[in-house]
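Peer 1: Spelled out from the first residue to the last, the chains are:
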Amino acid sequence: MTGKQILRLTVNGDDYELLVSPRQTLLDVIRDQVGLTGTKEGCTTGSCGVCTVNNARGEAILSCLTPALEWQGRAVTTIEGLERNGELDAIQQAFIDYGAVQCGFCTPGVIMSAKAVVNSGAYLNEDEINDGMAGVLCRCTGHIKVKQAIRNVADFQKDQSPVNRSNK
Amino acid sequence: MLLPDYQFSKPATLAEALAVLQSGPGEVRLLAGGTDVIFNMRGRLFTPDILLSLRDLPELQGVSQLPDGSLSLGAGCRLTDLERHPQVKRYPGLVSALRAVASRHVRNMATLGGNLNLDTRCWYTNQTAEWRKAKGPCLKTGVDACHAIKSSPVCVALNASDTAPAFVVLNASAVLASARGERTVRLADFYTDDGIAHTLRQPDEIMRAIILPPPAGRMVYIKETARKGNDFAYATIAAWADGAGEQCSHLRIALGSLTTRPLALQALADELVANGMSDGAIAAAAEHVRGALGTLTNLYTPAAYKGRIARSLFIEALEQLRDL
Numbered sequence: 001m002t003g004k005q006i007l008r009l010t011v012n013g014d015d016y017e018l019l020v021s022p023r024q025t026l027l028d029v030i031r032d033q034v035g036l037t038g039t040k041e042g043c044t045t046g047s048c049g050v051c052t053v054n055n056a057r058g059e060a061i062l063s064c065l066t067p068a069l070e071w072q073g074r075a076v077t078t079i080e081g082l083e084r085n086g087e088l089d090a091i092q093q094a095f096i097d098y099g100a101v102q103c104g105f106c107t108p109g110v111i112m113s114a115k116a117v118v119n120s121g122a123y124l125n126e127d128e129i130n131d132g133m134a135g136v137l138c139r140c141t142g143h144i145k146v147k148q149a150i151r152n153v154a155d156f157q158k159d160q161s162p163v164n165r166s167n168k
Numbered sequence: 001m002l003l004p005d006y007q008f009s010k011p012a013t014l015a016e017a018l019a020v021l022q023s024g025p026g027e028v029r030l031l032a033g034g035t036d037v038i039f040n041m042r043g044r045l046f047t048p049d050i051l052l053s054l055r056d057l058p059e060l061q062g063v064s065q066l067p068d069g070s071l072s073l074g075a076g077c078r079l080t081d082l083e084r085h086p087q088v089k090r091y092p093g094l095v096s097a098l099r100a101v102a103s104r105h106v107r108n109m110a111t112l113g114g115n116l117n118l119d120t121r122c123w124y125t126n127q128t129a130e131w132r133k134a135k136g137p138c139l140k141t142g143v144d145a146c147h148a149i150k151s152s153p154v155c156v157a158l159n160a161s162d163t164a165p166a167f168v169v170l171n172a173s174a175v176l177a178s179a180r181g182e183r184t185v186r187l188a189d190f191y192t193d194d195g196i197a198h199t200l201r202q203p204d205e206i207m208r209a210i211i212l213p214p215p216a217g218r219m220v221y222i223k224e225t226a227r228k229g230n231d232f233a234y235a236t237i238a239a240w241a242d243g244a245g246e247q248c249s250h251l252r253i254a255l256g257s258l259t260t261r262p263l264a265l266q267a268l269a270d271e272l273v274a275n276g277m278s279d280g281a282i283a284a285a286a287e288h289v290r291g292a293l294g295t296l297t298n299l300y301t302p303a304a305y306k307g308r309i310a311r312s313l314f315i316e317a318l319e320q321l322r323d324l
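Going down the list, the protein sequences come from chains A and B.
Using the working numbering, the first residue of the first sequence is number 1, and each one after it goes up by one.
Using the working numbering, the first residue of the second sequence is number 1, and each one after it goes up by one.
FYI, nobody ran anything at the bench for these hints, they're computed from the structure.
Mimicking BS3-like on lysine-lysine, the simulated pairs with C-alpha atoms at most 27 Å apart in a straight line are:
#1 K228(B) to K147(A)
#2 K140(B) to K150(B)
#3 K10(B) to K4(A)
#4 K158(A) to K147(A)
#5 K158(A) to K145(A)
#6 K158(A) to K89(B)
#7 K228(B) to K145(A)
#8 K228(B) to K89(B)
#9 K150(B) to K135(B)
#10 K133(B) to K150(B)
To spell it out: a stretch of chain A is covered by chain B in this simulated footprint if at least three of its residues, at any positions, have a beta carbon under 8 Å from a beta carbon of chain B; those stretches are:
#11 16-30
#12 66-76
Glycine residues also receive a C-beta, built at the ideal position from the N, C-alpha and C atoms.
Let the sequences and hints guide you as you build the complete structure.
Peer 2: Here is the structure:
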């Protein structure tokens, strides 16, 4: 019916100009055009959270419910963007250390949700962790180890925060 | 699976957006956070010719205090931003309602206007396009038939907005903008008994803001769900009162997610104002909740069970309100 448009999109710090149809979601563009297939397609209805990516503010959003053209001129971080200079992000390392993975399909969405939780502040209580993780489902291993991994990173952030260091 | 074909329109100002609504022909669907619209487009329940993106309209953003102490909430504000906003936190009952919506992921996208204008839903409309095709269409998809209540002349799909009952008891109003000008409608009057034309918003109107009266009184909000996070409600309840303890001179109670609209229980509330909110008076009033709800459908859960949930929520909410 309608023509495609040029979408200017920043993915993991890299700028792209892509010819995009209104029919494509952010998830479709990230996987099929940018070629980053770490972000998974699950329910496509906002229930499972495996398509979670982070917006420019480091918050978790669902790429399957976002029309790609809505993201004109915006930035997004996917699971591939967490590693820096060959070093895993603290949350990725914590997932390995705590074995917070089983089959791995949901892991990119779970980690991007967890990243958003630790981005949200240095002082996280149990409710805040649950709140940030309720929108993403792991059907293999459950959420206990995931929460332990988040707690580990959050506690480390807390130790590093200027307020705490000045109190020591 | 790709979305159905449509034209994407992203105006820069509210005036431009209202002009698109005037331009016709073709069905225009408003897009805010997209968490419900895109869901329904995937299911081919919505097949608009044009999606009109409201996401970045400056006129729909921001929270501001009005000269009379009321608070104006931009309809385009994300639920996450509202629940953390210092001015909104002065309405703790409302914060509970905002936090009850779906998951953090959804609230990082979904907007206030989107939640209040959420389309009604039932177990039939929630199915895939293939499933619905096998069953045949319904009132909502173009024929004179309801699969939820066979004999129903009108659509009985539920209003699943978690925040609507909270805004109703807070006596909030919606500001609706159109090329003709602006009008203000109380949220208590905004919803109808028809699951299709379920709000008073006209096709050429965009909800611009919600006006909240200055913070006052005490408020309770409860959402009953099968699962704690990321779920639609079996029922919600919001209750607001002035006064203290058992005594109040104004009490407003609204139940949500049971019918096509949030249900205000004003007669029962007035009874409790007269009798005081003692355990006995609350229990006596609770016996009339089921009758006040009218015909309930078996959508999601049996009607008899919904009646029991509504009665329990009524008692729980009013006891909590009294003890605040």
